[in-house]
Structures are given as structure tokens and as C-alpha cells.
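*Asks:* So you can see what is in the structure, the chains are spelled out below.
Protein chains: 2
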Amino acid sequence: MEELAVAGVGMTRFTKQPERSPESLVGEAVRAALRDAGVARDEIQASFVGNVQLTAGTGQRVLKDLGLTGPPVINVENACASSTTALNEAAMWIHAGMAETVLVVGVESLSRHEGVVGLNLDDPISGMGAAWPAMYALKARAKMEQGLTVEQLALVAVKNRRHAMANPYAHFRTPISVSDVLASRPVADPITLLQCCPRSDGASAVVLTTLTRGRELANGRPIVRLAGSALNSGVLNDQVERASDATVRTSRLAYERAGIGPEDVDVCEVHDAFTIGEILHCESLGFCAAGAGGRYVEAGKSALGGGGVVVNPSGGLLSRGHPLGATGTAQIAELSWQLRREAGDRQVEGARVAVSHTMGGTVYELETNVCAVHVLKV
Amino acid sequence: MEELAVAGVGMTRFTKQPERSPESLVGEAVRAALRDAGVARDEIQASFVGNVQLTAGTGQRVLKDLGLTGPPVINVENACASSTTALNEAAMWIHAGMAETVLVVGVESLSRHEGVVGLNLDDPISGMGAAWPAMYALKARAKMEQGLTVEQLALVAVKNRRHAMANPYAHFRTPISVSDVLASRPVADPITLLQCCPRSDGASAVVLTTLTRGRELANGRPIVRLAGSALNSGVLNDQVERASDATVRTSRLAYERAGIGPEDVDVCEVHDAFTIGEILHCESLGFCAAGAGGRYVEAGKSALGGGGVVVNPSGGLLSRGHPLGATGTAQIAELSWQLRREAGDRQVEGARVAVSHTMGGTVYELETNVCAVHVLKV
Numbered sequence: 021m022e023e024l025a026v027a028g029v030g031m032t033r034f035t036k037q038p039e040r041s042p043e044s045l046v047g048e049a050v051r052a053a054l055r056d057a058g059v060a061r062d063e064i065q066a067s068f069v070g071n072v073q074l075t076a077g078t079g080q081r082v083l084k085d086l087g088l089t090g091p092p093v094i095n096v097e098n099a100c101a102s103s104t105t106a107l108n109e110a111a112m113w114i115h116a117g118m119a120e121t122v123l124v125v126g127v128e129s130l131s132r133h134e135g136v137v138g139l140n141l142d143d144p145i146s147g148m149g150a151a152w153p154a155m156y157a158l159k160a161r162a163k164m165e166q167g168l169t170v171e172q173l174a175l176v177a178v179k180n181r182r183h184a185m186a187n188p189y190a191h192f193r194t195p196i197s198v199s200d201v202l203a204s205r206p207v208a209d210p211i212t213l214l215q216c217c218p219r220s221d222g223a224s225a226v227v228l229t230t231l232t233r234g235r236e237l238a239n240g241r242p243i244v245r246l247a248g249s250a251l252n253s254g255v256l257n258d259q260v261e262r263a264s265d266a267t268v269r270t271s272r273l274a275y276e277r278a279g280i281g282p283e284d285v286d287v288c289e290v291h292d293a294f295t296i297g298e299i300l301h302c303e304s305l306g307f308c309a310a311g312a313g314g315r316y317v318e319a320g321k322s323a324l325g326g327g328g329v330v331v332n333p334s335g336g337l338l339s340r341g342h343p344l345g346a347t348g349t350a351q352i353a354e355l356s357w358q359l360r361r362e363a364g365d366r367q368v369e370g371a372r373v374a375v376s377h378t379m380g381g382t383v384y385e386l387e388t389n390v391c392a393v394h395v396l397k398v
Numbered sequence: 021m022e023e024l025a026v027a028g029v030g031m032t033r034f035t036k037q038p039e040r041s042p043e044s045l046v047g048e049a050v051r052a053a054l055r056d057a058g059v060a061r062d063e064i065q066a067s068f069v070g071n072v073q074l075t076a077g078t079g080q081r082v083l084k085d086l087g088l089t090g091p092p093v094i095n096v097e098n099a100c101a102s103s104t105t106a107l108n109e110a111a112m113w114i115h116a117g118m119a120e121t122v123l124v125v126g127v128e129s130l131s132r133h134e135g136v137v138g139l140n141l142d143d144p145i146s147g148m149g150a151a152w153p154a155m156y157a158l159k160a161r162a163k164m165e166q167g168l169t170v171e172q173l174a175l176v177a178v179k180n181r182r183h184a185m186a187n188p189y190a191h192f193r194t195p196i197s198v199s200d201v202l203a204s205r206p207v208a209d210p211i212t213l214l215q216c217c218p219r220s221d222g223a224s225a226v227v228l229t230t231l232t233r234g235r236e237l238a239n240g241r242p243i244v245r246l247a248g249s250a251l252n253s254g255v256l257n258d259q260v261e262r263a264s265d266a267t268v269r270t271s272r273l274a275y276e277r278a279g280i281g282p283e284d285v286d287v288c289e290v291h292d293a294f295t296i297g298e299i300l301h302c303e304s305l306g307f308c309a310a311g312a313g314g315r316y317v318e319a320g321k322s323a324l325g326g327g328g329v330v331v332n333p334s335g336g337l338l339s340r341g342h343p344l345g346a347t348g349t350a351q352i353a354e355l356s357w358q359l360r361r362e363a364g365d366r367q368v369e370g371a372r373v374a375v376s377h378t379m380g381g382t383v384y385e386l387e388t389n390v391c392a393v394h395v396l397k398v
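Protein chains in written order, with my numbering: chain A, 21 to 398; chain B, 21 to 398.
Errors might be hidden in some of the hints.
Each pair may be met inside one copy or between any two copies, as identical chains are not told apart.
As the list claims (entries may be wrong) - Below, in silico cross-link-like pairs of lysine to any residue (SDA-like), each with a Cα-Cα straight-line distance of 25 Å or less:
| id | residue 1 | residue 2 |
| --- | --- | --- |
| 1 | K36 | E283 |
| 2 | K84 | R269 |
| 3 | K84 | D265 |
| 4 | K84 | R205 |
| 5 | K84 | E120 |
| 6 | K84 | M155 |
| 7 | K84 | L273 |
| 8 | K321 | D365 |
| 9 | K84 | R272 |
| 10 | K321 | V398 |
No lab work stands behind these hints: they were computed from the structure.
Bear in mind the structure is a predicted one, so any value in this text is a computation, not a measurement.
Please put together the full structure from these sequences, using the hints given.
*Replies:* Right under this line is the structure:
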């Protein structure tokens, strides 16, 4: 499959911002992405909008005042992987020759409660509904019987917070220690509050185009190439000691399409909704051996400058924040900045191959989910 | 763009059936489509699910017991054009080489009220929320000043009911007369109750594949080819005398992609949410001159055997019914049966070119909408 170009990216800060409408959030992210790409709005031939909680017609609603209705607008919902699923659909439109340049948007306004019922978001303890911490806690317990320690779990949160301190878009930027994490409010043993992602409000956007057009737009900057895209649904709890069989299957497919292996990856944005998630995903993505995820973070491998795959330089879901539908395209934004050497104090030195990993499930259907993996290169 | 094959179609009856779950409705439609295509479920490499009212994760939920989770499941929402938008995304996956054979599903369970808030469906008068009849009534009024008569409006409902009487999948199958239509409860003058589509529950499904695989599966039957697909969003009320500028733009694009003109069309499923809609759409789709829509139906041109483009042989939204997300793929099902000469007493003789036209908007955002037009050939 031919490579495409991520011509521009933009996002709002992820934080609690109930005073801002979805239109305002999307406006900021889309204008930033168009400006970053050097693309005028009339070059956008279709828009793909990922969202979970708002009601029908969200894409048309949030894009209208930007003058982006008229061309097709397609609303995509795939739980927490909504905007990376939208990225996949956008890529298919370009591959199929339906468009040269398209826009991908992710947006969520969880604090406003404008949207649908159906997800239990009223419990401030649980980032994604009451059932998720318990389910991840079971996975953590199973891993602890194989040697994982609570300190290793806590180190994921500490590392991602340290990364987020250098990220102006992050929800949480105050430093935390292992003892802070372990002493925070218990949620579902061994998961404590600081091991759960927050519910954030925010938007993010990506301008995707052909490699030919991307070269024209590059203007001397490195060209970020979308080299592989893969999606799967799957059974979430098929193996309690793994995050998801879907991550294994989907990442292998994305690596194959991009012509890489896990050993080639320099930087990865991983779906760390809970600390144990990052540990399991690092194993499933092939960054370390099965069972070695705890030691990987403990040895500092996944931290900036640690010598392994740098995981979640943005701060991840745990500290950059998690506005469901906006998370996927925010991962793409972070990785684009990393590959273009524009990530400031959180820059991964020498990053040439980047991977985004987004997972989603629905609270009332714990067994079904989606996994989206994308490979970017420079 | 290369043609694809509609290898199989299936649907439930459209009616009030609150006793049936979305899973049950989808199960019936998908099994019928797979059987019709002669395709085993493990040949399905991705599923695209169009739905408006249910909550996040609908596709994964309704496909799980069918054994269709594991491969990608992508939820698409585009109001009343959700499943024809899903068809477009599915086609792009095949065009891009991501899959050979995919499933497209539309489902809605309006009577169960399981889903989201945000659409006003509690008023039994209004098929799509209280604002729609009033808006269409304005359009009808504008046309009446140019000569449209209330009898011409009523004839749309009468014709579509007559068609539906031969359709076992239709919501309404008892005959009605012009006087019945005009004497039915006033909704928004001149629109009466029998000029509004019902809120139905139902599901429909399409198996889409490459032309090569379609030929292998044909087994002596005519091969239904998807020759053109176009989407647009647009401003719904840009011209009060037209249904939508989006229909003009989108149908032209779809015709061009399929290498046809409106004069080549034998049969069309049109988005007749209200009688005036069909009249306006027939003009916008180029089946008759602007302003001639009323006379077109009055002369019987759009009826079975009338010598023009047969419009809504299924009974359309008005009589087959309108379960929002399920409507688009039901149009594709009807047109496939027509092109395969399997439509029984509602068969359009000699049909070789068929068009589906689906529109959608959101009640609280009257100015934005979506239009999807597909061209099928045999």
C-alpha cells in the first residue's frame, strides 16, 4: 500500500473545559492543523470525525462554522479508537482515489454532558465507567502472580507524568512520585486513582494527503509518512494476562504493511487508560518479551532517553488526558511533532519510526473492542 | 473507479417490532445477505455498521453473536444516510485493497428507545422529530405557488403505498386513496399524516465484494455492479424550492463516476421522508424538469409500468418504512432484487440501471445534512 503524508496536525489542550463548546474545541484544533499543513480549507475534499459521546450529526455540527460542510462529512464511532478509525477511513478514501487531501478530527466534551446516555461517566473515580478499573485490576493481579510489582505499575504513571510536564497540551503537569501514586485513593486493588486516566475535554485534527501533495507542502520540513494502518475488533478478555489479543494481531498487520518490525520502532503512543494497560501493551506490541513489561518500565527503557522504545512521550492517556474520540488523532499529532523534531523538551532523539496504538471498548459490552495501530515514518 | 459487486442482500420486515432486539434484527438481515451471496461468515474481512439512535459500540454488539467480531467493525453515523455512508466506506476499503469481501449493515430500533437522547422521537406525529414536517411544508408551500397541487402531493403517497402492497418487507400494505391522504390528520399544512414516513424498526445488510469474486459467486444469476458512489454534506435550506442542492451535486457526481446520465436510470429508491421530498428529489435527480415533479407523479410516470423512472418500487420511506440507519442498505437490497428480476409483483420490467438516494439531517441542526447517491447496474 502506497504511503500517504500527514501534512499537518493540531490539537487543543486536553483538560476539563466545560465552558467550551465542541465547536470551539474543534475550531481551534482544525485551524491549527490547516495552518500547520499550509492548506486552505477549500482544499479539504472530505472530513472524517471521530466522536463517542455527542449525538448524531456531530461532524456536520462542529465543522459548519469552519466552512467545511459541503464536501462529505463522515461520522465514525469506534469507542476510544474513534479518531484513529476515522484516520483509517480517511486513508482509504485517498488510496481509492476519492480525494487527495482530507481532514480527520477527534472531539469529546465529557464535562458538558451534552451527549448520549449509555456510558457511566458520573463516577469521578472511574475514567471510563465503573467496570474498567475492575477489569484492568484483574489483569494486574494475574500479572502480579507472575512477578509484576505495584511499584512497577506506579512507575508507568510517574514516567508518563514526567513526560507530560514538558507537554503544554497535557491535562496533568505537576510531578508525582511512586509513593504519591501508591498512596492515592484506591479504585480497584491494585489500581489507585493516579493509575487511571482522567476524563478530559478536547479536540485534535490531522490533515492527510497524498505523498505527492505532501512533498509540495513540506516547505523544507521533514515529511511525516503514514506507512501502515490496521484495525481489528476482538475479544478483550480472551487472555487475562494480556491486554488484548487484538493488539497482537493488529500491530503485526500494521508492521507488515509498513515493512517494519517492533525492533524498528523509536517512539510509541500507547493506550494507557490504566497503568497495567501500558505494561501489557508494551508486551503485545513486541517492545519487550511477554512477562517483561514491568521490568521494562522499571529499567527506564520506555522513558525519554532510556534506550528502548520511548512510550507515551506526550504523557499518554494517564497524563496528557483522555477525551475518548479525540485521543487517537492526538496520538498522531504527538508522533508527527516527534518525527519532525518539534517536540521541545520531550523530543525523542533520532526518532524515525513511530507507532500509535488506540483501543476501545464499551462499558456494557466488555468482551468486544477495537484496536487501531498506525505506523508513521520520516 | 473500478466496479464492485453487490453479492448478496437481506433485510427484515420494516415495522414496529419493539419486542425484537437490535441483535435479533441484524441477525436475520445478515444471515439472509450471507445466504443470498453464498458467502460464509469467515469470508467477511470487515463490517461497516450504519446506525443513528443506539449507543457507542453498536456494530460490535450486534455482530458478536454472528461470529463477525475479530475482523474490523466500523460504526458509521450519518443520520438517515448512515448505512449508505457505511456502504461508501466499505467500497473504499475494497478499492484500496484492504479487503476483498465486506459486510454493510444498517439497523435501527426506534420503538425500543434503547438509544441516545437528542432526537425528538416522542411525538407520534413527526416521523423524524417535530421540525421536519414544518420544514418540508414550507417547501411544499413554495412549490404550490408555482402550481403544485395537494392532489399531486397525495399521489406520491398513494403510488408508494400501491408499490408497497407487493412488498412483503413493507411497513404499510393496505391501499390508500388520494382522499384518504388528504383527509388524514393535518401535521403541517399542506402535509398530512399519510404524507409522513413512519418510524420503523428493522435491519438490512449488503455483502460487497470485488467484481472478480462477484463473478465467482454469481452462479448463473445476474451480477449487480456498484458503478458509482458519491457523498456530500451541504446546506439543506439553501433554496426553499429545492429539496437540497446536495442532491443535485451528489447525483451528478455519482452519475459521472458511473458513466451514466439521468436518462439512463430505470428505477430509483428516493428519500421520500415526506411526499414533497419525492417530488423535489425527482427534479434534483434529473428525472424531470425543475418544477415538473408534481406533473411527473400525476401522469403516472414514476409508477410501476408508467414509462418513466420507476420511483420507490419498494414503497419508499413512506410505505416500506424508515428505520433511519437501516434505510440506505434497504434501498440497495430493493434495487438488487429489481436488477436481478427477483422483485415479484413489483418488478420493474427491463431494469438495468438503478439509483439509490438517501438524505439525512439532524433535527436540531436543520441546516446541515448529508446526501448519498449510489448507481447500480446489471
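*Asks:* Of the hints given before, which are not true for this structure?
*Replies:* Of the numbered hints, 1, 4 do not hold.
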